[in-house]
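J.: The primary structure of each chain is shown beneath.
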Amino acid sequence: MGDILGSYDVLGAFWLTIRLAFFGALGALVLGTVVAVMRVSPVAVLRLLGTSYVNIFRNVPLTLMMVLSVLGITYIMGLPLSQDVQQNAIRWAIVVLAVYHAAFVCEALRSGVNTVPAGQAEAARSVGLTFGQSMVNVILPQAFRGSIAPLGSVLIALIKNTTVAAVIGTSDAAGLMQEVIENETGSFSVFAIFAIGFVILTLPLGLLFTSLSRRLAVKR
Amino acid sequence: MSASVLFDAPGPRARRRHAALAAVGLVVALGILVLVVLKMKAANQLGADLWKPFVTDRAVWRDYLVPGLLGTFKAAAISIVLAGVFGVLFGVGRLSSVTALRWFCGVVVEFFRAVPVLLMMIFAYFGLYARGTFFSAETAPLAAVVTGLTLYNGSVIAELVRSGVFSLPKGQSEAGLSVGLTRSQVMRSIQLPQALTAMLPALIGQFVVILKDSALGYQVTYLELLNWSKTLGSAFANTVPAYLVAALLFIVINYVLTVLASRVQRRLSRRGRAVVGGGGPVTGTTPEQSTLGGDGIVTTDATNT
Numbered sequence: 066m067g068d069i070l071g072s073y074d075v076l077g078a079f080w081l082t083i084r085l086a087f088f089g090a091l092g093a094l095v096l097g098t099v100v101a102v103m104r105v106s107p108v109a110v111l112r113l114l115g116t117s118y119v120n121i122f123r124n125v126p127l128t129l130m131m132v133l134s135v136l137g138i139t140y141i142m143g144l145p146l147s148q149d150v151q152q153n154a155i156r157w158a159i160v161v162l163a164v165y166h167a168a169f170v171c172e173a174l175r176s177g178v179n180t181v182p183a184g185q186a187e188a189a190r191s192v193g194l195t196f197g198q199s200m201v202n203v204i205l206p207q208a209f210r211g212s213i214a215p216l217g218s219v220l221i222a223l224i225k226n227t228t229v230a231a232v233i234g235t236s237d238a239a240g241l242m243q244e245v246i247e248n249e250t251g252s253f254s255v256f257a258i259f260a261i262g263f264v265i266l267t268l269p270l271g272l273l274f275t276s277l278s279r280r281l282a283v284k285r
Numbered sequence: 105m106s107a108s109v110l111f112d113a114p115g116p117r118a119r120r121r122h123a124a125l126a127a128v129g130l131v132v133a134l135g136i137l138v139l140v141v142l143k144m145k146a147a148n149q150l151g152a153d154l155w156k157p158f159v160t161d162r163a164v165w166r167d168y169l170v171p172g173l174l175g176t177f178k179a180a181a182i183s184i185v186l187a188g189v190f191g192v193l194f195g196v197g198r199l200s201s202v203t204a205l206r207w208f209c210g211v212v213v214e215f216f217r218a219v220p221v222l223l224m225m226i227f228a229y230f231g232l233y234a235r236g237t238f239f240s241a242e243t244a245p246l247a248a249v250v251t252g253l254t255l256y257n258g259s260v261i262a263e264l265v266r267s268g269v270f271s272l273p274k275g276q277s278e279a280g281l282s283v284g285l286t287r288s289q290v291m292r293s294i295q296l297p298q299a300l301t302a303m304l305p306a307l308i309g310q311f312v313v314i315l316k317d318s319a320l321g322y323q324v325t326y327l328e329l330l331n332w333s334k335t336l337g338s339a340f341a342n343t344v345p346a347y348l349v350a351a352l353l354f355i356v357i358n359y360v361l362t363v364l365a366s367r368v369q370r371r372l373s374r375r376g377r378a379v380v381g382g383g384g385p386v387t388g389t390t391p392e393q394s395t396l397g398g399d400g401i402v403t404t405d406a407t408n409t
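Sequence lines, in order, name chains S and E.
Quick note on numbering: the first sequence equals residues 66 to 285 in the working numbering.
Quick note on numbering: the second sequence equals residues 105 to 409 in the working numbering.
Chain S extracted, bound-state conformation (with noise of 0.2 Å):
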């Protein structure tokens, strides 16, 4: 086990893994909202296609596009984002990560807003408040404090499909862990050290999420 971390770089690994989920969930949060708002929207046609970008992300499989990311995009239709092989792949997968969870955070926003009492915004709109005020200053705070347990769950999800990245060859966890697996040994200690990083990552997160969605609960 000593030797394993000793002679591959672990931490260098998750690393990479923690500003993979970090830039990807940066864009899938400013991506999202956009989203979000345009399916909550009066127009009808930003609806539809909010509704679109929705459907089709939460169904495809994040594998696809990361491989259609680098062997079709990158190779066969010459749009590499870097000219370092391991840089294009990390720079698409970010791009993908991001645009893949922007769905997901979508529909976490939205769920908050169906936190949201009608009568709210039934109040704000009959003292004269406009779409854009009543969603500004009525509906989006208490959305935003309803929406923070989906949207944890989304960031965890997130860190975790950041190894999806490994089929495209980024040297992150999952593809460390498959380099040593392949060199070294096959033992339950290999998988343990990367599990427990996981485990590690993502459990403090999830109770984090958890005491903040409780107590900025908006009391009813």
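What the hints contain is simulated information worked out from the structure, not anything from laboratory work.
Worth double-checking, as some hints may not be accurate.
[To be verified] Some, not all, of what chain E presents toward chain S, calculated at C-beta under 8 Å:
#1 Pro114
#2 Pro220
#3 Leu320
#4 Tyr322
#5 Val344
#6 Ala350
#7 Ala351
Note that CB positions come from ideal geometry on N, CA and C, so glycine has one too.
Starting from the known structure of chain S, arrange chain E on it as the hints suggest.
T.: Only chain E this time, still in chain S's reference frame:
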């Protein structure tokens, strides 16, 4: 038509503004589409010779896509059955009155929910099955895929079982106990049947997750739809179209399943049954919310690949 509580029926100025916003949205969406088409055209990916085989050549479907779909469905079907068994066992275990059993099941479930499916598959295949002699070289990849999918989704289903039993009114178990049933009889003949019915929509949603996750088998050389479409792409020199067609197949299948799940959910709630994993109080912020794409089907962790 002010069906939404979020905004009033638009007046003339609002209608103009909405039309302008709609136009902007359309232009941006069409712009992205045109950009994709132009790029594909520049890379010669729109040539008829690349797309025609999907319609004219029966071999494309017979030798590549149908075997791929069968591989995907085979792994998914075995996994959902095993995950169901795993889920019921560990879900009931977490509700047991024996503290040690409750703890053991809790640790197992939480562990497998925290570890990425791909990590389990890679270890199961490269670490165990490909080295050992228990599985032949042909079945080892399938076994690895099923192992990963079963452990993860079984844990998710265990949580569904637990929350399903918790969501039942207390009077159900109290009534059972008061007529003299033992705790396990109450679980088996009163609580579990109701919990499983309530879980049905979430279970169908979980099947979508399993179908999508089976594509991870690509990494452990399992021959499912993604792997077959890669082979198809090399055989017909149409990699990009092959992947796009595979993506379309996944979208259609999963979309149909999600719609089915939301139908079942609405049917159950119409009959006054509790539903587990439903999206909480629906205040109907937009009119299409409850009808499109199985909204409100929030399995505890539907977000996986």
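J.: Are the hints correct? Go through all of them and say.
T.: Each hint, compared with the structure:
no.: 1; hint: Pro114; result: 7 Å, holds
no.: 2; hint: Pro220; result: 4 Å, holds
no.: 3; hint: Leu320; result: 5 Å, holds
no.: 4; hint: Tyr322; result: 6 Å, holds
no.: 5; hint: Val344; result: 5 Å, holds
no.: 6; hint: Ala350; result: 6 Å, holds
no.: 7; hint: Ala351; result: 5 Å, holds
In summary, this structure violates none of the numbered hints.
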